[in-house]
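Just so you know, the sequence shown maps onto residues 1 to 741 in UniProt numbering.
Hints may be right or wrong, so weigh each one.
[Stated by the list, open to error] Computed beta-carbon distance windows for the label pairs: (1) Tyr692 x Ser143: 54 to 62 Å; (2) Ser143 x Met312: 36 to 44 Å; (3) Ala122 x Arg428: 19 to 27 Å; (4) Asp426 x His14: 41 to 49 Å; (5) Tyr237 x Gln306: 40 to 48 Å; (6) Thr654 x Ser143: 57 to 65 Å.
Note that these hints are calculated values from the structure, not bench results.
For glycine and all other residues, C-beta sits at the position ideal for the given N, C-alpha and C.
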Amino acid sequence: MAAPLIDIRVNPNHRHDEKHEKLTDRKRSKLTENHRFGSFFPERFGNDVQSYIDGESYFYAVSLSLENAKETIYIADWWLTPELYLRRPPDLNKDWRLDRILKRKAEAGVKIFVIVYREVEAVININSAHTKHALQRLCPKGSKGHGNIMVMRYPDHSVFENVADMTFYWAHHEKFIVIDYSLAFIGGLDLCFGRWDDHNHSLTDTYPSNSNHKLWPGQDFNNNRIMDFRNVDDWEYNQLDETKYGRMPWHDVSMGVTGDCVYDIAEHFVLRWNFIKRDKYKHNKNYDWLMLEGRNGSDEDLIGVQRPTYPMGDYVQHPLKPLRKKSLGILPGTVNVQVIRSSSDWSSGILTEHSIKNAYCKLINDAKHYIYIENQFFITATGQHQSPIKNTIGTAIIDAVVRANREKRKFRVIVVMPCIPAFPGDLRDDTAVGTRAIMNYQYESICRGPNSIYERLRSQGIDPAEYIFFFNLRSYGRLNNKSEAGTRIVSSSKISPDISITSNIQKLNLHENLDENLDESLNPKTETGNWIQEELYVHSKILIIDDETCICGSANINDRSQLGCHDSELGIVITDTRKINITMDGIPFKAGYHAASLRRCLWREHLGLQTHPILNPAKCSNTKLTHKNVDLNEAPEDEFLVDPFNDKLWDMWTANATKNTEIFRQLFHADPDNCDYENFLPYNTTRFGQIYDESIPKTEIESKLNQINGHLVWMPLDFLKDEVMVEPGLQFNGWTECIYT
1 MAAPLIDIRV NPNHRHDEKH EKLTDRKRSK LTENHRFGSF FPERFGNDVQ SYIDGESYFY
61 AVSLSLENAK ETIYIADWWL TPELYLRRPP DLNKDWRLDR ILKRKAEAGV KIFVIVYREV
121 EAVININSAH TKHALQRLCP KGSKGHGNIM VMRYPDHSVF ENVADMTFYW AHHEKFIVID
181 YSLAFIGGLD LCFGRWDDHN HSLTDTYPSN SNHKLWPGQD FNNNRIMDFR NVDDWEYNQL
241 DETKYGRMPW HDVSMGVTGD CVYDIAEHFV LRWNFIKRDK YKHNKNYDWL MLEGRNGSDE
301 DLIGVQRPTY PMGDYVQHPL KPLRKKSLGI LPGTVNVQVI RSSSDWSSGI LTEHSIKNAY
361 CKLINDAKHY IYIENQFFIT ATGQHQSPIK NTIGTAIIDA VVRANREKRK FRVIVVMPCI
421 PAFPGDLRDD TAVGTRAIMN YQYESICRGP NSIYERLRSQ GIDPAEYIFF FNLRSYGRLN
481 NKSEAGTRIV SSSKISPDIS ITSNIQKLNL HENLDENLDE SLNPKTETGN WIQEELYVHS
541 KILIIDDETC ICGSANINDR SQLGCHDSEL GIVITDTRKI NITMDGIPFK AGYHAASLRR
601 CLWREHLGLQ THPILNPAKC SNTKLTHKNV DLNEAPEDEF LVDPFNDKLW DMWTANATKN
661 TEIFRQLFHA DPDNCDYENF LPYNTTRFGQ IYDESIPKTE IESKLNQING HLVWMPLDFL
721 KDEVMVEPGL QFNGWTECIY T
């Protein structure tokens with residue numbers, strides 16, 4: 001008997017080679033040509049925007065908005081954890097677990113559509129199959145709400161379809177939510193484990209008023225530098241020993257938006273839904289085609305709608321109620337918002353769009369005063385013909401600095417990023433090849449080799465140290481052993497003790513006296529060994545220019561996120577028409593309200609100018625979208641932060657970073673560091689993140705820890721500078737290098 005034939009097609013252009021497909025591409029291209037940054041979407045006026053720094057306030061705001069949904073909920077995530085508690089502590093907020101909220105809304109008749117990235121299971125442990133099945137089991141057949149929760153996973157990584165469509169390397173990386181076509185959330189935060197955190201960024205798990213209430217249940221207490229998530233379907237069981245290791249604190253930013261830009265975010269979701277319907281679920285009647293008001297008739301092809309002879313599934317008009325009856329544009333805000341994306345044939349069925357890269361390059365190139373970046377990665381090229389890195393954000397930075405130098409303007413580029421990518425293992429281990437490869441590309445982008453930003457500037461007679469500054473974030477805490485139940489949270493977020501810096505700021509020592517947090521019955525050596533440190537992981541994807549414009553989204557600064565044909569990403573460009581009077585380097589300046597306030601809030605956190613987290617975000621001003629005008633000068637330290645070039649502010653910033661770096665080096669031998677690696681941290685000689693020398697007296701440790709202010713540390717730009725960080729091999733070679741860039 002002859003073997004069955006398998007039709008393996010190899011046509012990378014199969015979605016763009018027929019007459020009707022070419023017509024659709026031309027229509028999209030014409031729209032794109034007329035929009036700034038080459039985006040499919042125009043700049044929308046009269047929106048409102050609310051920033052959420054870290055997961056506590058963001059997840060709380062999401063919980064409020066989901067609970068108020070009346071018609072539809074769209075969710076697109078790289079990873080979605082059904083068991084995620086959006087309010088903490090979980091014991092006091094059992095109804096606010098994500099799956100329970102979605103179940104309530106489905107039973108109330110709300111239609112819920114979810115798209116999650118289908119991972120390569122041998123590489124990533126996020127178990128999107130569990131996500132899908134757990135959500136769709138919430139309303140089984142015959143129950144109230146059945147059919148109201150639909151979940152798609154994509155791509156399939158199948159070799160039995162079109163070989164040109166196989167996508168083993170790239171991911172759906174967007175993180176956004178659309179509710180009732182009236183509100184959207186977008187940014188860096190997935191609805192998943194490991195993301196909930198507050199401004200204190202504690203390493204250990206103790207609720208301040210009751211030690212029986214955990215903040216991070218099960219695998220939500222995670223440290224990716226120690227071990228990755230495992231068996232997340234059994235989420236209550238955590239293999240990470242909390243008595244030996246701290247969690248990895250998580251810094252992130254997302255935004256909530258109302259106004260006409262919500263329609264554009266919704267349209268992007270509808271396009272993705274219909275694209276996956278066509279590619280994966282076209283023979284499944286349980287998945288409908290989504291129609292979109294404004295894209296009907298001859299324009300339905302723009303959102304990927306197809307009309308096969310024998311369609312499976314219905315054609316459902318969205319929004320369920322006409323747009324004219326919604327709040328879009330009815331209460332005009334002050335913010336201009338443009339949706340930008342990285343999207344292409346494999347991810348959305350469209351010609352490649354890299355409007356995120358275009359926006360980054362244009363805004364950075366045009367900066368007049370400062371560029372502030374927070375990002376998970378920093379991998380970029382400084383020329384058009386470099387290999388393997390292609391994105392030219394680095395070129396834009398160089399051009400901005402060169403122009404400022406030529407015009408003799410004060411100018412700064414400040415970058416806050418992780419010191420180590422969040423992958424497990426000692427950097428010297430063979431399993432850390434990928435981690436070292438990423439770090440190597442980052443150092444080559446910043447300061448090593450002739451194509452680095454630093455060397456390109458030096459070649460033009462410019463000292464990069466006068467203009468460009470790289471920082472990491474760190475936090476410390478104390479392990480909670482059984483005998484220490486009930487101790488209050490101890491962490492490194494407190495105000496600077498240097499009162500002389502500004503008379504408007506008074507010291508708020510969140511540590512109080514470290515002695516008060518210690519159990520005196522403990523053995524002094526064991527007590528010393530309980531102090532731990534960890535990098536505060538920067539996952540935000542924020543660009544702020546001149547207190548005027550900012551970008552927030554899911555895109556990292558690397559080729560994966562920026563080229564458009566690799567990972568899919570979504571973001572927004574924000575420019576505020578509401579101007580506030582500030583000074584820029586002492587000169588009167590009109591700043592944008594949202595860009596300025598976001599920058600101040602971020603700097604306040606990093607400097608340690610925070611009050612202790614109240615763990616009641618319902619009382620926070622930023623958990624609800626509102627048209628109320630909020631006074632930027634809510635705290636005395638805000639006046640200190642008004643001028644980005646305030647000399648005392650910059651002195652505090654650099655002094656904090658220097659002092660913190662020294663203390664983490666002295667007490668913990670925190671790596672990476674500019675010191676000789678083998679002598680500084682001999683292999684397998686101490687447990688990760690703990691006091692390096694336990695013979696140091698307790699009083700000396702406490703004294704030094706009390707000097708840590710905020711979380712800033714200098715990025716060690718000389719780490720392993722004379723070593724070969726990665727050599728070609730099975731994991732890293734010409735075929736796989738694009739994974740790491």
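Hints, verified against the model:
For the pair Tyr692 and Ser143, the beta carbons lie near 57 Å from each other, so the given range of 54 to 62 Å is met. For Ser143 paired with Met312, a C-beta distance near 24 Å fails the hint of 36 to 44 Å. Taking the beta carbon of each, Ala122 and Arg428 are about 24 Å apart, inside 19 to 27 Å as hinted. The hinted range of 41 to 49 Å is satisfied by Asp426 and His14, whose Cβ atoms lie roughly 45 Å apart.
Judged by the Cβ atoms, the range 40 to 48 Å given for Tyr237 and Gln306 holds: they are separated by roughly 44 Å. Checked against the hint of 57 to 65 Å, the pair Thr654 and Ser143 passes, with Cβ atoms roughly 60 Å apart.
Taken one by one, the earlier hints fail for this structure only at number 2.
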